[in-house]
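Place chain B with the ligands on chain A using the hints.
Residue numbers (the numbering used here), protein chains in the order written: chain A, 7 to 220; chain B, 21 to 282.
Keep in mind that the hints are not guaranteed to be accurate.
Said to hold, decoys possible - Below are the DSS-like pairs computed for lysine-lysine, each with C-alpha atoms no more than 27 Å apart in a straight line: (1) A/132 / B/94; (2) A/119 / B/35; (3) B/95 / B/35; (4) B/138 / B/94; (5) B/270 / B/35; (6) A/48 / B/270; (7) B/132 / A/132; (8) A/119 / B/132.
Hints listed in this document are in silico derivations from the structure and should not be mistaken for laboratory results.
For clarity, every value in this text was computed on a predicted model and none was experimentally measured.
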Amino acid sequence: MGFWDVTKNLLSGFEQTCLIFALTLVLALPLGLVIAFGSMSKFKPLSYLTKVFVWIIRGVPLMLQVMIVFYVPGFLFGTPLLPRFWAVIAAFVINYACYFSEIYRGGIESISKSQYEAGEVLGLTKSQIFFKIVLLQVIKRILAPMSNEIITLVKDTALARIILVAEIIKEAENFIAYGLVWPLFYTAVFYLIFVGVLTLLFGFFEKKLDYFKA
Amino acid sequence: MALLEVFGITKSFGKTKVLKGINFSLEKGNVLSIIGSSGSGKTTLLRCLNFLETPDTGIICVDGEKIFDASTAKKLKESEIRQNRLRFGLVFQSFNLFPQYNVLDNLTLAPKLRINEKNLSPEEKKQELEHITQHALELLNRVGLSDKADFYPCQLSGGQQQRVAIARALALSPDILCFDEPTSALDPELTGEVLKVIKDLKSENTTMIVVTHEMDFARNVSDTIMFMADGVIEEMGTPEQIFDHPQSPKTHAFLNKSFENF
Ligand SMILES: Nc1ncnc2c1ncn2[C@@H]1O[C@H](COP(=O)(O)OP(=O)(O)OP(=O)(O)O)[C@@H](O)[C@H]1O
Ligand SMILES: [Mg+2]
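So that you can see chain A by itself, here it is in the shape it has in the complex (with noise of 0.2 Å):
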């Protein structure tokens, strides 16, 4: 088998991997947002709520949750929840939607209260000083740790081949089958320009965003 056929089923492999990827992103990335004004809610039993379940999805390794979501609806039920993919999808997503929370919740806290008061006494209301006013210094704020998450979503992807999901390192061990390891390492150069991709986005982004000081 030769250098582009490995390429091509590695391509077929890396596409899964870019589409839990996307997917986990484009869900954890509001859903965080959420679980964030939940563990910062007034409501002191939903703040308590929301922090205690933070802690557990952060205290536990990513794979076993994985296993979870896939395996214990079918011990329980005698058959699975999910198809092996959305197992996936669904254990990500809570998972990312957690540490992102922790990261916005940090960027919101960070704002100084005068920002706030100073939207006030200008007669403007909650929403318009969110999002006029507070939220591109947050964004600003929170960018480097975030591009550190996300940059980290694009190896954890992996993991998905825990239950058996075809990405790409799934995909490169099949190889191995046919006496070929070589694949196995190749899978690393995809890795390699996704995340310098991602890095230089994040780069232009923080450039975008020099041009003030918060």
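Same frame as chain A, now just chain B with the ligands:
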């Protein structure tokens, strides 16, 4: 009739009574300076006037209209509070400009957002927006910063930032402009430019309340001086009365200490 009338304002934080019954009035075009030692409640009073704190008791009237009454305050809708608070402008000690907006946008942000709340035809809206920008540019001219319209706050000195903050407050045309120690966060050589702007506003008949530690400035610019101690107005009068013939021993002691430091 006085432009501003304040009756029986009290405010506690937990068990500490910070304001213990504040009554005063202010004529249109007059400047009131509030002096007093640290912790006497000056900032809290300004914050009450600007609805950043809700007084426990008391009434605030502007132009004869009751804009706050503690006994009915809970029933006020957020939109009413927002409408009422525009009677006052507030300039903070720490400027609090919005860092991501340039100087012009800092001035026009709030007025433009208010336009969106009105039901205007596209034509009217366009006119209003132009008017807002025009007004903002005039204000920048008044505070001597015409050439800084497209600068960002981080590119300005403290004195310039504070002048932008003053223009920003004026952009909403408040009836009464309040200042909380507007020069305390500035290097000594920059206080002059900010105080000059306030003096200019005085000569244009802007009604102002200024909390300040600058005694010379207070004497020069004020029509009335209020000396606060422990949450009450200890003494109030013309600059001559307060600075030259203080009646209360507390005022006397405070002034002696203030002038010793200079
Ligand atoms: N949010 C708050 N919670 C609890 N106590 C407060 C709060 N705000 C102010 N205080 C207390 O109220 C008192 C008066 O504070 P205030 O800031 O009004 O004084 P001030 O006259 O402005 O003093 P300074 O000259 O130092 O600015 C102080 O004892 C302060 O600790
Ligand atoms: Mg104060």
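Status of each hint after checking the structure:
For the hint linking residue 132 of chain A to residue 94 of chain B, the alpha-carbon distance of about 18 Å falls within 27 Å, and the restraint holds. Taking the CA atoms of residue 119 of chain A and residue 35 of chain B, the gap is about 23 Å. The hint holds against a cut of 27 Å. Straight-line distance between C-alpha atoms of residue 95 of chain B and residue 35 of chain B comes to about 25 Å, which keeps the hinted pair within the 27 Å bound. Of the supplied pair hints, the one linking residue 138 of chain B and residue 94 of chain B holds, its CA atoms being roughly 26 Å apart against a limit of 27 Å.
A distance of roughly 24 Å separates the Cα atoms of residue 270 of chain B and residue 35 of chain B; the hinted pair therefore holds under the 27 Å criterion. Between residue 48 of chain A and residue 270 of chain B the alpha-carbon distance is near 42 Å, which puts this suggested pair outside the 27 Å criterion. Annotation: proposed proximity of residue 132 of chain B to residue 132 of chain A holds, straight-line Cα distance about 16 Å (limit 27 Å). For the hint linking residue 119 of chain A to residue 132 of chain B, the alpha-carbon distance of about 23 Å falls within 27 Å, and the restraint holds.
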